[in-house]
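Visitor: Let chain A serve as the given structure and place chain B on it in line with the hints.
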Amino acid sequence: MILSRKWLNEFVDLSLEEYGDRAFAEAMTISGSKVEVTEDLSQTMKNVKVGRIVSLEKHPNSDHMLVCQLDVGAEELVQICTGAWNVHVGDLVPVALHNSLLPGGVKITRGKLRGLPSEGMLCSLKELNCTTHDFPYGEIVAAALLNNYHPIDPEKPSISADIKAGDKIFGKVVAADVKAVENAGLNLWKVSLDAGADAEVVTKCQNIHEGDMVAYDTQKNAVLTLAELHAEQKEFPNCIADGILILHEDCKVGDDVAVMLGLDDHVVEMEITPNRPDCLCMIGLAREAAVTFNKELKLHEPVVKATAGGDINELAKIVIEDPELCPRYTARMVKNVKIEPSPAWMRERIRNAGMRPINNVVDITNYVMLEYGQPMHAFDFSCVDEHEIHVRRAKEGETIQTLDGNERKLSTDMLCICDTHKPVGVAGVMGGANSEIVGDTAMVLFESANFNGASIRRTATALGMRTDASSRYEKGLDPQNTYKAVQRACELIELLGAGEVVEGIIDVVPGEIKQTTIKLEPQKINALLGTDIDEATMRDILLRLGFTLDGDTIYVPSWRGDVEHYSDIAEEVARFFGYNEIPTEFAGGITTCGGFTPLQNCERQIGQCCRSMGLDEIITYSFISPSYYDKIRMPVDSPLRDSLRILNPLGEDTSIMRTSILPSMLEILTRNYNYRNKEARLYEIGKIYLKRDDGMADEPKIVSIGAYGPEMNFFVLKGWVENLLADLDAPKLKFVAEKENASYHPGRCAKVYAGDTYIGVMGQIHPAVAANYGVDAEFYCAELSFEALYAVKGGLPVYQPLPKFPSVTRDIAVVCDAAIPVGDLNDCIMAAGGKYLKGCALFDVYQGSHIAEGKKSVAFSLTMRSDEQTLTDEHAEETIKNVLTALEKEYSAVMR
Amino acid sequence: MKEQMQGLRESSVKAILACQSIEELEALRVKYLGKKGELTAILKQMGKLSAEERPVMGQLANQLRAEVEGALEKRKEELGREMMEKKLVDEAIDVTLPGVKQTVGHKHPMYNVLDQIKDIFIGMGFDIVDGPEVELAEYNFTKLNIEESHPSRDWTDTFYFTEDAKILLRTQTSPMQIHAMESRELPIRIIAPGRVYRKDEVDATHSPMFHQIEGMVIDKGITMADLKATLNLVVEKIYGEGTVTRFRPHHFPFTEPSCEMDIQCHKCGGKGCPTCKGEGWIEVLGAGMVHPKVLSGCGIDPDEYSGWAFGMGLERLAMGEYKISDLRLIFENDVRFLEQF
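As you go down the protein sequences, you meet chains A and B in turn. Read in order, the letters of the first sequence are residues 1 to 896 in the working numbering. Read in order, the letters of the second sequence are residues 1 to 341 in the working numbering.
Keep in mind the hints are simulated off the structure, nothing from the lab. A couple of the hints might just be wrong.
[Said to hold, decoys possible] Calculated cross-link-like contacts (lysine to any residue; reagent style SDA-like; alpha-carbon spacing at most 20 Å):
| # | chain 1 | residue 1 | chain 2 | residue 2 |
| --- | --- | --- | --- | --- |
| 1 | A | K524 | B | D301 |
| 2 | A | K190 | A | Q219 |
| 3 | B | K271 | A | A27 |
| 4 | B | K277 | A | A27 |
The shape of chain A in the complex, shown without the other chains (with noise of 0.2 Å):
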């Protein structure tokens, strides 16, 4: 919502001398207004003055300047070159002067144009940052002078460059030499030429002067514009439909340009909350600024002459078939409604709230809509058939082409303005073309309705066009405001002269409109505020937001459909008692302990663990791509396929709950790869999304590590698994071989178990999945079960007293198959080892020469101890012979 400061005078006392833009800002954000930017218009435009031209000369050196003298106040003349054409002596222009400013930062200075000192510059609408809406009468229509003919091929020119006056050119249409040139009202012109014979012509072209040579069409008496004489811009260069805003205004030599523009006002944006509807209109937020400063509002009481005689209720019909949509229509009439531009102080405050101006009619709906915030529609009655407005849904296979020239076609959920055969507008979306005003029209209806905001929101979603007043509709209007607003619009009519109004006014209210009333509790309010606030204060504010109150009874306006429990009295006494007048007061009450749970604490651990490894944290998002499946070769009848899937995604990669975090690392992987990072060693701790039989979805946590680089291979990985099962204390783990998981290495990747609990999978990418990422490096992942991770985390540690005696190192060293996993060997060890046996640790595994084809050599050491005496050679030797002999006998593994 923007509001113009200078508006809001009308209503509350807060001149901007005595209301600063800051403070204004800071008092109406802490009252719950909040403030977004405060623009200061004049700032956008400086010393642009209203000048009148005194005299005009062609510029001696150029042969399309003019040379103006202008008088703009000062005591001398200032002197302007332009090489717009529409000026004439007399015209009262806006004239940027030596060290202007124009809307876009344009500064203008003096300088010299072809030799000849200029003293500024002469303004175009566009350079004044308005339209020909702004100024409907700045529109510009350009003769084609021949004196400025320029031939596209000079060989062959289609005038010859010798015409004289009364040559054809083509037809009835002969050159003409300009005699005088004379104004004869708004942008007309008298112009005496010299055809061969004498002729008069009255012409809305505006460049013309005394001394130019037109193309004069003799048998419709009228000056030629380009297009008329089938030209181009570039045969006439200097004649276009454009030029100097000529001011109609009420406005005298050297008036500022930005006062007549109303740049005189500071704009201020604010952020209405959804809740405020009634604040998106100048009377709304001045209510508020009133209690905000403590200051009067003033409102008027808008009052209609209805000096057209007749009764609307006689001359039409309003039939509400849809009471629950459509909870309140009002409307009243005007005749012999004269199309015209708004005047100047109606066309500014629309600019300045951030709209543009049209035509009276249109802008006072407009104007109605920002001063009361109830949207309104004006339409050509004589459009409605049999003159019965009928407020219903539309029916199936209804259309209506819209104002802005759109076909719609409408479904039966969205209310329509309809007459008896057909729709002739969306409710509270926008009017239909087939009763659009377009000229000075018999009859207008004008319509200011109440609709259901939920409903209109609807519509205008479905049909894809959130308009003004759609907008302000779907939050749920006031539906006591219609009747206020239809009379001020006919109030206006009147003032502007713009029609005559019909007596009467029709006023459909099928239904109760309902009254809130709330219980004034003090007490209850402090206690919820930690206040102390007495009653009278609360009164007071409630009072001066136009609450009523009748003993402990409130009474809410029906503007503020938000306010229905204590609550919401509690905060309107908050906001204007102050919410930083609140004392900062711990409020006691039970301790609480706080702190992690176990779970919690697990995932820190694991957290912290990894990065104690090296590994950097990723975010990654939780959806993904459905192809992604596909990509790291999950096989097709995988029930991780049957993904949750969102309807409305934002795109295909986007669309579906992962069920497996691996796409997720494997894209962060190569993203990092593609930005040719040397390597890369990530964990995530994040959730996957398993559906579930009632369509919500299981969100276990898995602990997804993944890594490239130089120092890279499966052992590393595997080292980082055992750390981090080692860290939580788990159970003895096991690596087994695994071959049937596309996504992996079939020869380099394992999966892991803790005791007897699976935790998860660990490998080297598949080349072909690597492939599918576009990237020929060895990534390595694993995906390990955060729930099985915490589920075999171990307890409290219990002390194990250190090593009273030494230990005995011994190596042995093996042949056996090749293909029997060096595990199995250990284990076989550990097993046969008995009570002295404390540790064994691989440290070679060989094959070649010396070694038989299709057999390896493994190499241990290992540990042993007593915990009673110092170990015996006997105790030894007897260990490693139960070690060789169960190695032998399982796997007929023989020293070496």
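Guide: Here is chain B on its own, set in the frame of chain A:
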């Protein structure tokens, strides 16, 4: 004999002084004092001496032995010192050569900030709770007093899994308020950080997935004054002691009264600058007193209990803290980015 001894004294002392290594010195010790050494050879002649001369010579010989041993010992010490010094010189290194890198991993910057906040709240007796991201509309909206027609329920804003719009990706962590009220014993003090989802295209300030932290207190006698006191303390812990705050009215369907909390811009001290977009204040969170409708909807008697709740965005906090200019960096996970924190 006396002369022999004198000669031995002179030659041995000279040789010892000239000696340049421990090994040579040991050889000299053997040469002079060893069983077959020169002194022993001289002493062997003692038998030829008279009984009177013997003790005199014996004393002289002992004296000589002591002298030679002393010279040896002294020289040994000197040599030891010289060798140590030489060794130290030889072992000198260029201390500016790089150290051996131990790779240490990094917590994601956003979780750094989150952990900081968790610590603050745990210190105030809060628990940390986690909950479903695939959520019922009932929890994400309805029970939070967000009406059926509210724009945030639009399919253009919220991701849905079912045509009837009953199952969705939570758009806020606020449903955790409801879960907590329904499942926990009173009083409740919780924060609930987590992922939330909204239908925003990815750009420098938007992401379809981001993180929020929800906080809630329900107890007897909880007031807006308590909300202010607690959140002021939290903000001071995050942004530093003496951080100036303000509360201004706002609107959330599930709190009443509602507010937003601003901190005074640390860059300009409230004068207005580009960091605070000229306002002098920076918005940090939204909060309010839990709406009595929400309380009673969860089976808590609003006449007996009251509470407050807040919600804040984690990404913006982390971006502010670390001066991260683009939200996309957070989810890009470039190691060159991650390793900075």
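Visitor: Decide, hint by hint, whether the structure agrees.
Guide: Status of each hint after checking the structure:
1. A/K524 to B/D301: With Cα atoms ~14 Å apart, A/K524 and B/D301 stay inside 20 Å; holds.
2. A/K190 to A/Q219: 17 Å, holds
3. B/K271 to A/A27: 16 Å, holds
4. B/K277 to A/A27: 18 Å, holds
In this structure, none of the earlier numbered hints is contradicted; all agree with it.
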